[in-house]
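Enquirer: Letter by letter, the chains look like this.
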Amino acid sequence: MANFYRDNNDIQFLFRHIDLGKPAEVCEEGFKFANEFESAPADAEEAVVNYDMVLDSLGQLCGDFIAPRAEDVDRQGNILNKDGSVTRAEGIKGAIEKLGQAEVMGFTLPHRFGGLNFPNIIYSMAIEILSRGDAALMNIFGLQGIAETINAFASEEIKQKYLPDFSAGKVTGAMVLTEPDAGSDLQAVKLRAFEDKDGNWFLHGVKRFITNGCGEVLLVLARSEPDRSGGLGLSLFVCTPGPTVHIRRLEDKLGIHGSPTCEIFFDNTPCEIIGERQRGLVTYVMSLMNGARIGIAGQSMGIAEAAFRVARDYASTRKQFGVAIEKLPAVRDMLIDMKVSIEAGRALLYETSRVVDLELGYARQLETNPPEDKAEAKQLKNESRKYKRYAGMLTPMSKYYCSEMCNSVTYDSIQVLGGSGYMRDYPCERYARDARITTIYEGTSQLQVVAAVRGVCSGTAEKFLTELASQDFDEKVKDLLETLAAGTEQLKESIAYVKEQGNEYMDLYGRALVDIAIDLINGYLFCGQASTKVDMQVPVAENGQAGNEQTVSMKERKATVARRYITKNASKIAALAELIRTGDKSTFSDYEAMVGPVPVE
Amino acid sequence: MGYNCVVLIKQVPDTKKITGDVMNDDGTVKRSALPAIFNPEDLNALELALEIKDRFGGHITVITMGLPAASAVLRDSLFRGADEAILVTDRRCAASDTLATSYILSCAVKKLDYDIVLCGRQAIDGDTAQVGPQLAEKLGVTQITYVEELIGLDGSTITAQRNIGNGWQQVKAELPVLVTVMGVANEPRVAAAKMMMKYKKALTPFEVEGKIKAENREAGEADIKELAEHKCSKLVEKGLLIKQWDLDVLEADLDWCGQSGSPTKVHRIQSVVLAAKESKEVEPNAKGISDMIHELIEEKTIA
Chain A
1 MANFYRDNND IQFLFRHIDL GKPAEVCEEG FKFANEFESA PADAEEAVVN YDMVLDSLGQ
61 LCGDFIAPRA EDVDRQGNIL NKDGSVTRAE GIKGAIEKLG QAEVMGFTLP HRFGGLNFPN
121 IIYSMAIEIL SRGDAALMNI FGLQGIAETI NAFASEEIKQ KYLPDFSAGK VTGAMVLTEP
181 DAGSDLQAVK LRAFEDKDGN WFLHGVKRFI TNGCGEVLLV LARSEPDRSG GLGLSLFVCT
241 PGPTVHIRRL EDKLGIHGSP TCEIFFDNTP CEIIGERQRG LVTYVMSLMN GARIGIAGQS
301 MGIAEAAFRV ARDYASTRKQ FGVAIEKLPA VRDMLIDMKV SIEAGRALLY ETSRVVDLEL
361 GYARQLETNP PEDKAEAKQL KNESRKYKRY AGMLTPMSKY YCSEMCNSVT YDSIQVLGGS
421 GYMRDYPCER YARDARITTI YEGTSQLQVV AAVRGVCSGT AEKFLTELAS QDFDEKVKDL
481 LETLAAGTEQ LKESIAYVKE QGNEYMDLYG RALVDIAIDL INGYLFCGQA STKVDMQVPV
541 AENGQAGNEQ TVSMKERKAT VARRYITKNA SKIAALAELI RTGDKSTFSD YEAMVGPVPV
601 E
Chain B
602 MGYNCVVLIK QVPDTKKITG DVMNDDGTVK RSALPAIFNP EDLNALELAL EIKDRFGGHI
662 TVITMGLPAA SAVLRDSLFR GADEAILVTD RRCAASDTLA TSYILSCAVK KLDYDIVLCG
722 RQAIDGDTAQ VGPQLAEKLG VTQITYVEEL IGLDGSTITA QRNIGNGWQQ VKAELPVLVT
782 VMGVANEPRV AAAKMMMKYK KALTPFEVEG KIKAENREAG EADIKELAEH KCSKLVEKGL
842 LIKQWDLDVL EADLDWCGQS GSPTKVHRIQ SVVLAAKESK EVEPNAKGIS DMIHELIEEK
902 TIA
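Protein chains in written order, with the working numbering: chain A, 1 to 601; chain B, 602 to 904.
Just chain A, same shape as in the assembly:
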């Protein structure tokens, strides 16, 4: 009997620490749905009770049902049958059924389509909890953005056709974007969409690396304007499997074996257009990708949490040189770094999700119910614009930070277990294999940096940091705030230097700039947690070892975590700032000298 929500002190703490009332209010549009739907909350307090209950139920399902099956799922994988159908691993099949019964497959969909209408911050928590149980299952549970995209952009008729089935857990979806020659560069998509004389649309062509491509609802990016190259020639379509949709191959992958990765051939498949022509990539897929990136950050959190727990358990029981190995400084240092970076990632992801909730909530309010008062409307517009900019920067930051962190934590988890960690007897190697994709799909780390660095250099990061720094903090973190302020100065100087050097140089040192900004943001978030108004006591031994009743205040614990994180990163920030200001452009000037001649095309 395990509950992956209740047993996670940090999630429990953040659930109380973060003001969930605001996201609840914007999601519920001022709690106007309470009279119409039995499950809709009447106020913020009730909404938060609902979130807690649903996460509790999901946490139980993940601990008792999903996690115990993850190893078998990893070994079984999926089978492509001769008739083109795909047989999923037993554990995944069972889990999809249980998730449907738990009514969590329409997590963020509106009440009117049978959804829960929960905010993204709660969805991020749910994705983390689920991914800790089985990372591969996240690629089905975490693909709810497909339904959200239909909800945001499709016609009412299409919404009615698909969304209730998503909420009921009867269908799963796939984002059908990638092609052999269009991966990171989706503007190069070739799959053809054409219209017959009656205005019916059809798809023809091949898609590759499609996660859950055997799902029941396929969102397909296709070239509807044959004469137009680039993103503006692309539209988004929805179709269902049938005799014209052929799964030709399942990829044989390093990790996430429970998630089928399909190559699909569309042979004049009938489909329907989502929204307007030509907006497929530039509007709809960009929005879909932003949600998916937050999803991958949540998946990364779950894998990292699972890996850390195995490492900690092992280190506290494995004896060498007469002591538990966690008594040895080198091991202990690794464990602290793992734990602190997990909490940093969680702080960043939840903050990002909260900002996204406000961004979407304010945008919806402006569209459907703008304030009549002009000054109020203007203020709302400004808020909406501000949160859009914040979300645009924080989303790639979260995806980048959490996925890289997850890889480093799972790598170290194997290291803590030593030879045992390398064996399949322990789940660490599975976690490391599952982790590896997170820095690649839904946009590589390198592309996340490109997206985030714009926000860092355009003043958004400074503005956001100023806002974070202006909160009320406790006296005991004051010296840490000074360290963070000094770091912010170094960031500003680095940005100024980079701007003098031009855009190319900005891309070259993008990662260093983004790293500094993230470390500062996380530092402030930790200081905020250490100044919380809703403290809670947690057992010192997180696994509740018998006889150890000692507890510690989460607030005090977070002050310790903040100190460790900020102190350790101060020197890293100084080094990165120095690196940025070296002016070294050898990457451009001396590539061939170091790597070898570039072949002539």
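Careful: at least some of the hints might be erroneous.
So the derived label-pair ranges between C-beta atoms look like this [as the list claims (entries may be wrong)]:
1. A/G94 - B/A904: 53 to 63 Å
2. A/E156 - B/T743: 47 to 57 Å
3. B/E830 - A/E156: 36 to 46 Å
4. B/I825 - A/D43: 20 to 30 Å
5. B/T743 - A/A168: 30 to 40 Å
6. A/Q446 - B/P885: 39 to 49 Å
7. B/T743 - A/K93: 26 to 36 Å
8. B/E852 - A/D43: 37 to 47 Å
Simulated from the structure, these hints should not be mistaken for lab results. Note that the Cβ used here is the ideal one computed from N, Cα and C, for glycine as well.
Based on the hints, put chain B in the right spot on chain A.
Expert: Same frame as chain A, now just chain B:
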């Protein structure tokens, strides 16, 4: 066609969490020191009823007999998909043994229209496995105990596979029947999100009164009663009132209830002392294991 299922459930102390701290000196357990949970195999009985409903349709009524606080397991059942919940509670039920309990429950079930009555095989506090079979006798229906799998339901015939200790037996019976369900029968589903969001507000009349008393500390008895009745009728409209039956509602013969209806006499209590001193560390190597096995053979624990 649908089937009307009645599921009997019990709130029990979580006996998995028993440590030395929660034992009384006389060998009994301090119930209040343990968390109260849904009896595990009753969850399997409920799941079987839900699977029947998913496949064939029908109606599920959940009944528990216990203290007013047992309403928690009724709400939990509503969260998982039960249609109706009934709390049987009465001070005069106190000290009932399995015979009295099965009599009281039979009075409740007789008030309902049912095709299949489902119970967990046994509760983890008493571990008697007697209430189900005794209830079937009192209802005068066929019983299929130790069910591990529902093979089929066809019209008015049920086929189930039961564990008979040294093998399995498939039994076919005419409805109505009472089945007792084993833990291996299924994996109980968790609470459903929208059901929780709705039924978290479901209350028993007892709870309504308690809430009203807490909110109106100054009010007199009559006012409270009126306010409570008003609130209850509002809950009924929304389908959120958990029914509460006492022995008068059940028209039970009081001689068969509580202490007077309970012939069980406790012969002797063996006090089990749980203390760490009885544990022994075995080195995780071949010698440690070999020594342990020899010791167990010498003590005739294993042969």
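Enquirer: Take the hints in turn and mark each one as holding or not.
Expert: Hints, one by one, checked against the model:
1. A/G94 - B/A904: 53 to 63 Å: Violated, since A/G94 and B/A904 (Cβ atoms, about 40 Å apart) do not stay within the stated range.
2. A/E156 - B/T743: 47 to 57 Å: Between A/E156 and B/T743, where Cβ atoms are some 53 Å apart, the hint holds.
3. B/E830 - A/E156: 36 to 46 Å: 45 Å, holds
4. B/I825 - A/D43: 20 to 30 Å: Holds, at about 26 Å.
5. B/T743 - A/A168: 30 to 40 Å: Cβ of B/T743 to Cβ of A/A168: about 36 Å, so the range 30 to 40 Å holds.
6. A/Q446 - B/P885: 39 to 49 Å: Given about 46 Å between the Cβ atoms, the range holds.
7. B/T743 - A/K93: 26 to 36 Å: Since B/T743 and A/K93 have Cβ atoms about 34 Å apart, the given range 26 to 36 Å holds.
8. B/E852 - A/D43: 37 to 47 Å: 43 Å, holds
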